Amino acid sequence: MATYKLKTPISEEDIRKLKVNDVIYITGTMITARDAAHRRALELHNEGKRLPLDLQGLAVFHCGPIVKKEDDKWIIVAAGPTTSTRMDIFEDEFIKNFKVRVVIGKGGMGKRTTDAMEKYGAVYGAFTGGAAVLAARAVKNVRSVEWYDLGMPEAMWVMEVEGFGPLTVAIDAHGNNLFENVLRKVEESKQKIYEKLGI
Amino acid sequence: MTIENLVEDVAVRLLQLAVTELPNDVKEALEKAYRDEESEAGRTQLEAIINNVKLAEKTRTPMCQDTGVIIFYVKGGAKAKDLDKIEQALREATQRATKEVPLRPNAVNPLTGENSGDNSGRFVPFIHWEIVPGNNVEITVFPKGGGSENVCALSMIRPGEGIKGLKKFVVDTVVSAGAKPCPPNILGVAVGGGADIAMKLAKAALLRPLNQPNPDPQLAQLEKELYEAANSTGIGPMGLGGKFTVLGVNVEYAHRHPASYPVAVAVQCWAARRASAKIHPDGKVEYLTHKVV
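Quick mapping for you: the protein sequence lines, in order, are chains A and B.
Straight run, no breaks: the first sequence in our numbering ends on number 199.
Straight run, no breaks: the second sequence in our numbering ends on number 293.
So that you can see chain A by itself, here it is in the shape it has in the complex:
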């Protein structure tokens, strides 16, 4: 296990160095995107239109933040991760088309995303579920909000972050998926537990 501090834009080379169980902290530009923002980004791309900003080398955070406005300035109050599996149907295309390098969320993602991460060079960083204060503190500035018509949680928030983490690399760019490894072990241990309990 190693700890890395990454600055956006992150290169494919830096991403390929990471292995599952490594810990990363991110400084630079990060966007939030949940179901609706993923869908809109891909629709725009398919229509040949440009996104409001270039996502290459950036991090995308599965998060619907609580945001307040003070003196015309957006402030992130709480920003814990949401369950990532919902984005499994979009993420492979998202990685392929926009070259994001880090996908952040909780609960892990499936094979489609794992394959895309291996092919195009991206990792999944697991952020502690509920750790909303830790996340909000790492956000130094809200640069802009795009697609606010989708609502506060679903909009794309463009944030400047400093030392955002710790993120455990749970899917690396070599086809390894920590959540899948754990699930396999859990299934094995279940049988042993049954035996011990006399079931």
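Bear in mind the hints are in silico, worked out from the structure with no lab data behind them.
All values reported here derive from a predicted model rather than from experimental measurement.
It is possible that some hints are incorrect.
[To be verified] Partial list, computed: chain B residues near chain A (C-beta under 7 Å): (1) A48; (2) I49; (3) A56; (4) K58; (5) T61; (6) A153; (7) S176; (8) G234; (9) M238; (10) A271.
Cβ atoms here follow ideal geometry from the backbone N, Cα and C, with glycine treated the same way.
We have chain A already, so just place chain B on it with the hints.
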């Protein structure tokens, strides 16, 4: 000050305390898990949880963006005055705390999808009443997060399967929940009573402090066995692998119908929030779970 104003102020305070500061027994259990966890990924997650908890306490900010659905447990002394005013006071406290703390508005009409915006609605906040001897009023607030609520489970197992069936159901519930309820979790397990009573007891069991052993030695033994079983699954903190899938297991029971064997498992996330206070007839307030200066 009228009783309703006093109850409202105390309940707002309890809500604020609950969502920003974990009770000591939960903090200690998280620290112990961090010390004893062997998995690297598990330790990283526990460290983040502990830092997040400290930061929330210091900055008086909710420790998790999901501040839960609000549930109250009230022990009303039979000789206490104005018990009929308490329900309205707790409702107003919930609405006020939603603005003041703030809490995330989490009360949604299931038919229309409309969010009331102030954490109140039909049967929300829910109040569990217990009439006890004396003239004090004890209020416990229990904000319950949605992620862990979604993996709570009830099984009407066959009485012939008995306690073995209970154990299997608890293990299966933990395994199928996996990373979803933000482990390490606390499990409230209840057997007997009937479908509704089992779940009510299981949830109320989550209120028992983790450092308070079950007074019934047979149940204490069952708790130990279930704790070890859950922590042998390897799910670990946030489902990234490790020893600590649960911080504790609290078991309750009621007598059952001969043909029924209800088993309920209530699951609580690491942000195991609760706060209690006792209001004396002279207006003195004693905070039971948190230090209040």
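Status of each hint after checking the structure:
The interface hint given for A48/B is met, as the beta carbon of that residue sits about 4 Å from the closest beta carbon of chain A, less than 7 Å. Because the smallest distance between the Cβ of I49/B and any Cβ of chain A comes to about 6 Å, under 7 Å, the interface hint for this residue holds. For A56/B, the shortest C-beta to C-beta distance to chain A is roughly 5 Å, which falls under 7 Å, so the interface hint holds. The beta carbon of K58/B is not positioned within 7 Å of any beta carbon in chain A (closest approach about 9 Å), and the interface hint is therefore violated.
Because the closest C-beta pair between T61/B and chain A is about 5 Å apart, less than 7 Å, the hint holds. Because the smallest distance between the Cβ of A153/B and any Cβ of chain A comes to about 16 Å, over 7 Å, the interface hint for this residue is violated. Interface restraint check: S176/B against chain A, minimum CB-CB distance 10 Å, threshold 7 Å, status violated. Hint status for G234/B: holds, given a least beta-carbon distance of 5 Å to chain A, under 7 Å.
Against a cut-off of 7 Å between C-beta atoms, the interface hint on M238/B holds, since the closest Cβ of chain A lies about 6 Å away. With a least beta-carbon distance of about 5 Å to chain A, the hint placing A271/B at the interface is held under the 7 Å criterion.
Consistency with the previously given hints fails for numbers 4, 6 and 7, ordered from lowest to highest.
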